[in-house]
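Trainee: For reference, the chains in residue letters:
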Amino acid sequence: MTKGLPRSAGGRLIRGLPALGSVAAAIVLWEIYVRLSGISPLVLPAPSRVVEQMAANRALLWENTLPTLSATLTGFAFSVSIAFALSVALDFLPKLRRALFPIFVVSQTLPLVAIAPLAVLWFGFGLTPKILLVALVTFFPMLVALVDGYEATDPEIETLMRSMGASRWKVFRAARFPSAMPYFFAGLRISITYAVVAAIFSEYVGARAGLGIVILNAKNSFRPDLMLAAVVVSSTLTLVLFGVSALLQRVLLRWREAGQGQ
Amino acid sequence: MNALELRNVGVSLGETEVLDDVSLRVGQGEFVSILGPSGAGKSTLFRLLTGALEPDRGEILLDGSTLKRNATTFAFMPQRDALMPWRRIIDNVILGLEVQGVSRAEARARALPLFAEFGLAGFEERYPAELSGGMRQRAALLRTVIQARPVQLLDEPFGALDALTRAQMQRWLEDRWRGARWTTLLVTHDVREAVALSDRIYVLSRRPARVISEVVVRAPRPRLGTALPAEARAQEEELLNTLLSQTGE
Ligand SMILES: Nc1ncnc2c1ncn2[C@@H]1O[C@H](COP(=O)(O)OP(=O)(O)O)[C@@H](O)[C@H]1O
Ligand SMILES: [Mg+2]
Numbered sequence: 041m042t043k044g045l046p047r048s049a050g051g052r053l054i055r056g057l058p059a060l061g062s063v064a065a066a067i068v069l070w071e072i073y074v075r076l077s078g079i080s081p082l083v084l085p086a087p088s089r090v091v092e093q094m095a096a097n098r099a100l101l102w103e104n105t106l107p108t109l110s111a112t113l114t115g116f117a118f119s120v121s122i123a124f125a126l127s128v129a130l131d132f133l134p135k136l137r138r139a140l141f142p143i144f145v146v147s148q149t150l151p152l153v154a155i156a157p158l159a160v161l162w163f164g165f166g167l168t169p170k171i172l173l174v175a176l177v178t179f180f181p182m183l184v185a186l187v188d189g190y191e192a193t194d195p196e197i198e199t200l201m202r203s204m205g206a207s208r209w210k211v212f213r214a215a216r217f218p219s220a221m222p223y224f225f226a227g228l229r230i231s232i233t234y235a236v237v238a239a240i241f242s243e244y245v246g247a248r249a250g251l252g253i254v255i256l257n258a259k260n261s262f263r264p265d266l267m268l269a270a271v272v273v274s275s276t277l278t279l280v281l282f283g284v285s286a287l288l289q290r291v292l293l294r295w296r297e298a299g300q301g302q
Numbered sequence: 236m237n238a239l240e241l242r243n244v245g246v247s248l249g250e251t252e253v254l255d256d257v258s259l260r261v262g263q264g265e266f267v268s269i270l271g272p273s274g275a276g277k278s279t280l281f282r283l284l285t286g287a288l289e290p291d292r293g294e295i296l297l298d299g300s301t302l303k304r305n306a307t308t309f310a311f312m313p314q315r316d317a318l319m320p321w322r323r324i325i326d327n328v329i330l331g332l333e334v335q336g337v338s339r340a341e342a343r344a345r346a347l348p349l350f351a352e353f354g355l356a357g358f359e360e361r362y363p364a365e366l367s368g369g370m371r372q373r374a375a376l377l378r379t380v381i382q383a384r385p386v387q388l389l390d391e392p393f394g395a396l397d398a399l400t401r402a403q404m405q406r407w408l409e410d411r412w413r414g415a416r417w418t419t420l421l422v423t424h425d426v427r428e429a430v431a432l433s434d435r436i437y438v439l440s441r442r443p444a445r446v447i448s449e450v451v452v453r454a455p456r457p458r459l460g461t462a463l464p465a466e467a468r469a470q471e472e473e474l475l476n477t478l479l480s481q482t483g484e
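Protein chains in written order, with the numbering used here: chain A, 41 to 302; chain B, 236 to 484.
Calculated directly from the structure, the hints in this document are not laboratory data.
Be a bit skeptical, because a hint or two may be false.
[Said to hold, decoys possible] Cβ-Cβ distance ranges computed for the label pairs, FRET-style: (1) A:V284 x B:R456: 55 to 61 Å; (2) B:D397 x A:L279: 21 to 27 Å; (3) B:A454 x A:R208: 28 to 34 Å; (4) B:G336 x A:E297: 44 to 50 Å; (5) A:L293 x B:S300: 56 to 62 Å; (6) B:S300 x A:R213: 54 to 60 Å; (7) B:P385 x A:R138: 54 to 60 Å; (8) B:L399 x A:L293: 30 to 36 Å.
[As the list claims (entries may be wrong)] Covered stretches of chain A (chain B as the covering partner; in silico rule of three or more C-beta atoms under 8 Å from a C-beta of chain B): (9) 64–71; (10) 208–218.
These figures come from a predicted structure and were not determined experimentally.
Yeah, the Cβ is synthetic: ideal placement off N, Cα and C, and Gly gets one too.
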């Protein structure tokens, strides 16, 4: 738990200042270097030029952000639902866990560079291969977060509930599931960042639209400025999704903030 | 009539023989304490009663008949308060009623009038992290007694509190108990606490546990906040010596 600085919005701003400052300094240095060295924008465009390109191509960027967002969210929702359903089954059937976990671990060792083209080959240029890739990348971290979270339940709480005559299912609902929520949200925040990367990569390998396609086309026409513009958009998208998960956690797990103001 | 009786109960956990031969009884409306060195098997004894564990030997009788699985006889207060940090105090307190199938509204209606008596008025909607140690223990105790089970099992309820809060809680419990006369089995390793609160005290040996002494405390109540009679003070001394003889040093 971070103590010391107040948890208010003002406190967060003050804590964020050094990070913002160093990012701003890096951008300024980059701009100065490009101007003084006279390096070609075909090799290294200045930040100002990237911003210009973002403005000039805002319609293009926006149109291609939506397919990426939709692949990310659909794939992620799919993987979280499966991970949740399976985590419940695994919690009730430890034998199943021992049987299936090795398979999931292997699924994490598959190189995306090989899987992505295969998925396009098998499922075409539509949304399906993107959803599958996003799910492949995010499924296991979400499953592990949930399973570990159930295991982290205070054994005294379980003993207490059993002494009250609670069924295994009631213990799961009232104790194990809520205990897993902080783990679930930690997994969510990390996985959502993987999800965006996976969606863009699978577009890059084969799609009709999306930020991955913008990057691919920009690369093929030697436009690093447009590539970087797409990168800024995709990073922003990731940060926004990360922020939304953090916000969701704050709203849904309000109890975690309880007692910290004293 | 004995509300609860254990006859020659023994149990091993894995390779460890924890309880050797424990026999004890708790009468209706009686306050009985179990004193024993740390690691003697006191919490294990409670696990046998709540059905988390089966005895290897011996019998557990309730009102004269054998304890049934899933019996609804005991309200158990674990060693640490085991409050759920994600539930508000009111919802923690009604957990047992909820498990019994009482609706949330009905359970809340039953619990709310008791908050003042347990020194928790105004904290119904707070989370456990917002309460002091003493308040948390009182909430755990309220969660225990509200189940209205025939026997309360309290496992070192004040063990984790600072000395001042503990003294305060002991007085408060004595006061509550004099009003309600819950049939209570208390586990403690605090000799003064046992003498102050109990009608009878059993002392367990170190592991594997046997009952090595049974003491009846006759001092008039309330006992806390006044000087104890000489007999009770002598009993305290004797119990402490018995316990110390079991710590192995
Ligand atoms: N699951 C277990 N397997 C083996 N030994 C155990 C287990 N649980 C507890 N024990 C041992 O049993 C003894 C009694 O434990 P416990 O009943 O918690 O003692 P206490 O009297 O302090 O409450 C301890 O020495 C402990 O190490
Ligand atoms: Mg114990």
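Trainee: Using the Cβ atoms, figure out if V284 (chain A) sits within 55 to 61 Å of R456 (chain B).
Mentor: holds, 60 Å
Trainee: Under 8 Å between beta-carbons, do enough residues of the segment 208–218 of chain A, three at least, approach chain B for the coverage claim to hold?
Mentor: n = 4 at 8 Å, threshold three: holds.
Trainee: Look at the Cβ atoms of D397 (chain B) and L279 (chain A) and judge whether their distance stays inside 21 to 27 Å.
Mentor: Given range 21 to 27 Å: violated, Cβ gap about 46 Å.
Trainee: Take the C-beta atom of A454 (chain B) and the C-beta atom of R208 (chain A), compute their distance, and say whether it sits inside 28 to 34 Å.
Mentor: Because 46 Å falls outside the window, the suggested range is violated.
Trainee: Is the gap between the beta carbons of P385 (chain B) and R138 (chain A) within 54 to 60 Å?
Mentor: violated, 42 Å
Trainee: Evaluate the given range 56 to 62 Å for the C-beta pair formed by L293 (chain A) and S300 (chain B).
Mentor: Between L293 (chain A) and S300 (chain B), where Cβ atoms are some 46 Å apart, the hint is violated.
Trainee: Against the range 30 to 36 Å, how does the distance between the Cβ atoms of L399 (chain B) and L293 (chain A) compare: consistent or not?
Mentor: With Cβ atoms ~34 Å apart, the hint holds.
Trainee: Using the Cβ atoms, figure out if S300 (chain B) sits within 54 to 60 Å of R213 (chain A).
Mentor: violated, 33 Å
Trainee: Is 44 to 50 Å a correct range for the gap between the Cβ atoms of G336 (chain B) and E297 (chain A)?
Mentor: Distance hint for G336 (chain B), E297 (chain A) is violated at roughly 32 Å.
Trainee: So is the segment 64–71 of chain A in contact with chain B by the C-beta rule, three or more residues under 8 Å, or is the coverage claim wrong?
Mentor: violated (count 0)
When held up to the earlier numbered hints, the structure conflicts with 2, 3, 4, 5, 6, 7 and 9 and fits the remainder.
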